[in-house]
Amino acid sequence: MFRATVSICGRTVVKRLISSVSGESALPSNLRLPSNLIGVPREKRPPPSGCEHPVLHRCEADIPAHLAPSQTWLHSLGSHDSEPLGVVDLHPDVFSVPVRLDILHAVEVWQRNFQRISHAKVKSRAEVSGGGRKPWKQKGSGRARHGSIRAPQWRGGGVSHGPRGPTSYYYMLPMKVRVQGLKIALTSKLAQDYLHIVDTLDIPTPDPNYLLDLIKHRQWGDSVLIVDVNEEFSENMLKATDNLKTVNVIPAIGLNVHSMLKHESLILTLETVKFLEKKLLWHDVRYTPLYPFKLPYSDLP
Amino acid sequence: MSVFGGLLRDALTFCQSSMLMCTRHFSTGSCARIRMHAIPKPKEVDRWTEKRSMFGVYDNIGILGDFRAHPKDLIKGPVWLKGFQGNELQRLIRKKQMVGDRMMTEDRHNLEKRIRFLYRRFNRYGKHR
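One line per chain: the protein sequences are A and B, in this order. Residues 1 to 301 in our numbering are what the first sequence spells out, letter by letter. Residues 1 to 129 in our numbering are what the second sequence spells out, letter by letter.
Take these hints with a grain of salt, some might be off.
[Said to hold, decoys possible] Below, a list of computed lysine-lysine pairs in the DSSO-like style, where the Cα atoms sit at most 30 angstroms apart:
hint, chain 1, residue 1, chain 2, residue 2
1, B, LYS41, A, LYS245
2, B, LYS96, A, LYS294
3, B, LYS82, A, LYS294
4, A, LYS278, A, LYS294
Hints were generated in silico from the structure; no laboratory data involved. If you're wondering where the values come from, they're calculated on a predicted model, not measured in any experiment.
Bound conformation, chain A alone (with noise of 0.2 angstroms):
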């Protein structure tokens, strides 16, 4: 203890003596960018706040009193650069719960090897042709002794420990886990100001240059998840991100942690925003299951 908080306080001494010294800014070295750094440094629009905006949307769920909605702006996509047409409410339980990176982990770690099957396999001495009938007799040859010779110490033997066969890795997380592993995934988007809401995903071009463009001048990121409910998109939409590496569409069911830390920004419609709300905190309040969720309740729809 003592020792800490001297090797501390000699930290800070030597801190203060390095910025009285050198006169420059009293930042770390480690924080300080370099002054020909490439690229623009994104600019965060400030998140709004106050009574001037009108509030477009309100949370349909009731929100607990000790909480408040988190606000974002709500963006359109149909011209290259136009102003944020209001804000939007967004539910707490689902927007700004504590992040817990461990759960974050075991969901990406989850979705890479729950659907992983390893088909690799290799012949056991019993499965490796031939070596049925003892090579040389026991005794007298002067050779050492086998039983075969498709044995593990013979060349072109069978493989005594090797893998076998079609293996799979299985497993299923807990559903809370998985259904707080995109609530901390969707909280981590709108708190790195990755998060954007859109009204509509109607574009006036099928042009894949106008997306790009439009990504480029807001400052997006590099890749771009766009998410709406329906199945059906527009067509614009749709033959735009047709030869876009970067920038995918996928329905609302499609939604998971991989994809969200795969790609740098997320784009919600308005209506996937409230279903997602609504399939989301339906978890917090639900009973147990006492039969599987895919047979049919008399108060689920």
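Assemble the complex: chain A is given as a structure, and chain B must be docked to it using the hints.
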């Protein structure tokens, strides 16, 4: 005696220094050089192929899709391994139950031999039986 020891020491040091002067401090051969043409190029991986960019989509089809489907329905692979994990004996028994009657004779025979061997190994030998 001490003079003799000192003479010996002087001779030793003289020999050592002359030995040092005799060694070369540079190499004339090419074995010490780095061979640039033998270093392989790092393979270029495209991180945004269709498969990689769409990986994991529909994994939450149960939670977000009214529980009509389960993520284990998405798995592509042999029938006896969809939504199942087990050790080798369990996998082989399941394979025999589900697919055994349509297997070829040799494969079926090898499967049965392997099941017999693994049953005996797990249940009769070793510490865990």
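Cross-check of the supplied hints:
1. Taking the CA atoms of LYS41 (chain B) and LYS245 (chain A), the gap is near 25 angstroms; set against the 30 angstroms cutoff, the hint holds.
2. Between LYS96 (chain B) and LYS294 (chain A) the CA atoms are separated by roughly 29 angstroms; this keeps the pair inside 30 angstroms, and the hint holds.
3. For the suggested pair LYS82 (chain B) and LYS294 (chain A), the alpha carbons sit about 18 angstroms apart, so the restraint of at most 30 angstroms is met.
4. Restraint check for LYS278 (chain A) and LYS294 (chain A): the C-alpha separation of about 18 angstroms stays at or below 30 angstroms, so the hint holds.
This entry satisfies every hint, going by the numbered hints stated previously.
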